[in-house]
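S.K.: For reference, the chains in residue letters:
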Amino acid sequence: MGRSGEAGEVMGKQGIDGEIRNGKESERHQGGPPGAAMPLSASLSPRVPASPCPPLSPSVAHHPKSVPRRILVVSLSLGLVLLISLWLGLSIGSTGQNLREVFALFTGHGDPASTMASIVWRIRLPRVLLAALAGATLSLGGLVFQAILRNPLAEPYILGISGGSAIGAIIGILLGLSRFPGEALFAFGGSMVTIVLVLVIASVKLSLKQDSLILAGVMVNAFCSSVIMFLLTLTQDARLHNILFWLMGDLSMSDANQVMVLAAILLPCFVLLLLFARPMNLILLGEEMAASMGVNVPLVSLVLVVVSSLMISATVCQSGLLGFVGLVTPHLLRLLLGPDHRVLVPACILGGGAYLVWCDLLARCLPAQGELPVGVITAIIGAPLFIFLLQRAKR
Amino acid sequence: MTSAMMLQHLSLLYGNRPVLNDVSFSVIEGEFFVIIGPNGSGKTTLVKAMSGAVRPQRGDVQILGRPLRGYSGKALAQCVAMVPQVAPVDIPFTVAEVVLMGRSPHLPWMGLEQRIDLEIAERAMHFTHVAHLAGRKLDHLSAGERQRVLIARAICQQPRILLLDEPTSALDLAHQVQIMDLLDQLRNDEGITVVVVSHDLNLAALYADRLLLMKEGGVVALGEPGEVLTFEILEDTYGCALLVDKNPVKGVPRITVVPGDAIVGGDMRLPQTFKVK
Numbered sequence: 095m096g097r098s099g100e101a102g103e104v105m106g107k108q109g110i111d112g113e114i115r116n117g118k119e120s121e122r123h124q125g126g127p128p129g130a131a132m133p134l135s136a137s138l139s140p141r142v143p144a145s146p147c148p149p150l151s152p153s154v155a156h157h158p159k160s161v162p163r164r165i166l167v168v169s170l171s172l173g174l175v176l177l178i179s180l181w182l183g184l185s186i187g188s189t190g191q192n193l194r195e196v197f198a199l200f201t202g203h204g205d206p207a208s209t210m211a212s213i214v215w216r217i218r219l220p221r222v223l224l225a226a227l228a229g230a231t232l233s234l235g236g237l238v239f240q241a242i243l244r245n246p247l248a249e250p251y252i253l254g255i256s257g258g259s260a261i262g263a264i265i266g267i268l269l270g271l272s273r274f275p276g277e278a279l280f281a282f283g284g285s286m287v288t289i290v291l292v293l294v295i296a297s298v299k300l301s302l303k304q305d306s307l308i309l310a311g312v313m314v315n316a317f318c319s320s321v322i323m324f325l326l327t328l329t330q331d332a333r334l335h336n337i338l339f340w341l342m343g344d345l346s347m348s349d350a351n352q353v354m355v356l357a358a359i360l361l362p363c364f365v366l367l368l369l370f371a372r373p374m375n376l377i378l379l380g381e382e383m384a385a386s387m388g389v390n391v392p393l394v395s396l397v398l399v400v401v402s403s404l405m406i407s408a409t410v411c412q413s414g415l416l417g418f419v420g421l422v423t424p425h426l427l428r429l430l431l432g433p434d435h436r437v438l439v440p441a442c443i444l445g446g447g448a449y450l451v452w453c454d455l456l457a458r459c460l461p462a463q464g465e466l467p468v469g470v471i472t473a474i475i476g477a478p479l480f481i482f483l484l485q486r487a488k489r
Numbered sequence: 399m400t401s402a403m404m405l406q407h408l409s410l411l412y413g414n415r416p417v418l419n420d421v422s423f424s425v426i427e428g429e430f431f432v433i434i435g436p437n438g439s440g441k442t443t444l445v446k447a448m449s450g451a452v453r454p455q456r457g458d459v460q461i462l463g464r465p466l467r468g469y470s471g472k473a474l475a476q477c478v479a480m481v482p483q484v485a486p487v488d489i490p491f492t493v494a495e496v497v498l499m500g501r502s503p504h505l506p507w508m509g510l511e512q513r514i515d516l517e518i519a520e521r522a523m524h525f526t527h528v529a530h531l532a533g534r535k536l537d538h539l540s541a542g543e544r545q546r547v548l549i550a551r552a553i554c555q556q557p558r559i560l561l562l563d564e565p566t567s568a569l570d571l572a573h574q575v576q577i578m579d580l581l582d583q584l585r586n587d588e589g590i591t592v593v594v595v596s597h598d599l600n601l602a603a604l605y606a607d608r609l610l611l612m613k614e615g616g617v618v619a620l621g622e623p624g625e626v627l628t629f630e631i632l633e634d635t636y637g638c639a640l641l642v643d644k645n646p647v648k649g650v651p652r653i654t655v656v657p658g659d660a661i662v663g664g665d666m667r668l669p670q671t672f673k674v675k
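As they're listed, the protein sequences go chains A and B.
Oh and the first sequence: position 263 is 357 in this note's numbering, straight run, nothing missing.
Oh and the second sequence: position 124 is 522 in this note's numbering, straight run, nothing missing.
One side only, chain A facing chain B, incomplete, derived with CB under 7 Å:
hint	residue
1	161
2	162
3	380
4	382
5	385
6	388
7	390
8	433
Derived from the structure by calculation, the hints contain no laboratory data.
Every residue gets a Cβ at the ideal spot worked out from N, C-alpha and C, and that includes glycine.
Using the sequences provided together with the hints, build the complete structure.
M.R.: Printed below as a string of structure tokens:
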């Protein structure tokens with residue numbers, strides 16, 4: 095069998111064994127014994143019809159080869175969707191829609207002293223940015239927990255992590271702490287306690303049965319709700335209304351500085367999760383196989399859980415409880431883009447952000463007067479999806 | 399003859415239960431090495447210890463002349479690939495994606511595959527005859543196809559040593575032979591050391607250069623099939639009546655079981671009262 099032929103040509107015309115030896119030896123400098131081995135095709139072909147070896151491999155070429163390109167395309171298009179969503183979010187509100195004015199403001203042609211400008215800069219911009227950050231965080235939270243727990247139903251809200259953060263945050267509020275870092279630290283503590291509690295209840299190990307995990311999450315969530323109710327009965331002052339509204343998921347009380355602080359916490363976490371996209375893929379092949387490919391599964395899981403809890407608790411402090419966001423966007427994006435986390439992580443950041451901006455728009459526009467808490471919208475969309483996924487998982 | 403793996407006085411306990419008891423042997427580079435033994439004899443644990451997945455309490459594992467604990471996870475994965483006995487059933491990726499994941503130990507964290515990685519994956523898929531399945535989802539494949547894909551993924555790691563835990567146990571005859579032929583070919587063509595755990599003594603006898611027979615966490619016998627698969631050793635280890643003669647195909651030992659005479663864990667024959675009439 096000729097060694098001179100280019101690997102690709104050999105692949106097409108000759109036996110399987112020639113192709114693997116010719117190519118591999120040159121790359122590995124340690125190929126096998128050079129003896130003429132029986133062609134693999136000869137021993138296998140009676141049973142497996144040797145696949146009609148194509149000249150140059152359309153098989154792989156069509157699939158993962160395009161990962162960098164896919165990341166780019168997905169990021170650009172979802173980035174565009176996010177930008178348009180932000181633009182709409184900035185333009186539409188109680189004063190009607192001012193698409194053109196907002197566009198002019200941002201391109202430097204508008205009147206910076208107008209009422210409109212002040213509404214956009216001081217009220218709407220922090221709000222839509224908070225919506226985008228919260229949407230990205232919660233979507234990523236769902237994505238991460240679905241991967242490391244290998245459970246399609248895992249989601250920060252359902253697992254009780256958001257609830258735990260809320261308890262911590264309320265304790266922080268009652269103690270009169272500032273939102274960052276005091277309240278946020280309490281919320282982080284609360285989220286860590288709940289995730290540990292859920293995992294311990296469900297069976298200690300990180301490879302968990304679907305039902306027991308979700309059941310444990312629901313129980314911890316119920317417990318968190320009653321603790322929150324209890325804490326609320328202790329609150330008798332004027333803050334009660336604010337806390338209640340915040341609990342239902344509220345983006346209206348956002349202030350530019352706090353949104354900046356939140357962004358400063360979240361952006362490094364996003365980058366870290368991007369770096370962990372490949373290990374997340376490998377973990378989906380099972381703990382054993384991931385470990386055999388050099389992934390330290392316990393360490394990776396720990397880092398991912400801690401980082402996600404940190405992001406989620408910081409977000410909960412600012413935006414309250416927004417249920418099911420971490421369920422809707424990862425599943426929708428997975429359906430569209432496939433299971434590769436290297437694509438899904440950026441997609442969840444951008445797409446999740448856009449999703450919550452839209453939910454917030456609906457919350458502002460649907461009622462004739464005033465507005466709905468955005469958590470109501472996310473739950474109305476997400477809960478039916480959860481039930482649908484639960485049904486499918488049962489089958 | 400250099401040793402690919404050397405195990406010295408390996409002992410391992412799960413809780414208080416000893417699973418491996420002072421196991422010592424070495425696997426020669428380029429060898430087809432098969433580990434056999436009754437259920438619960440510690441075969442799977444042994445392979446896990448060899449792959450670094452579990453850490454023995456006592457003893458040493460040397461891989462390619464270096465102690466196992468001196469390897470980082472990634473460095474180890476570049477030398478040793480593992481095909482576990484059970485993999486999740488609901489792997490959502492396509493065949494090509496799964497095979498390409500075998501390149502991970504050679505790539506940086508987020509690192510995207512280069513052209514060379516794609517070519518290696520392509521060749522691994524052709525080698526294991528799964529190239530035509532490249533775009534299919536893993537959970538839509540038959541058991542034999544799935545096993546070939548998982549082996550292709552392991553080959554993609556370009557390991558020096560390939561460990562497989564019962565790669566043929568879920569397969570029918572034709573697919574068993576197919577997988578074993580594949581491993582044999584891999585050893586011959588690529589010089590990869592192949593270590594297989596198997597329950598099938600006849601299949602093991604046909605392919606193995608050397609066999610390791612285990613019982614209750616210890617080594618019973620180690621050697622060529624003809625030395626290990628003798629009537630005395632097997633009857634003593636498995637505790638059932640059997641017949642050992644020559645395999646007409648290759649002249650290696652052939653084992654035939656005799657029905658109704660197992661004495662595993664006491665007398666398993668039905669008590670008198672259960673007999674029909």
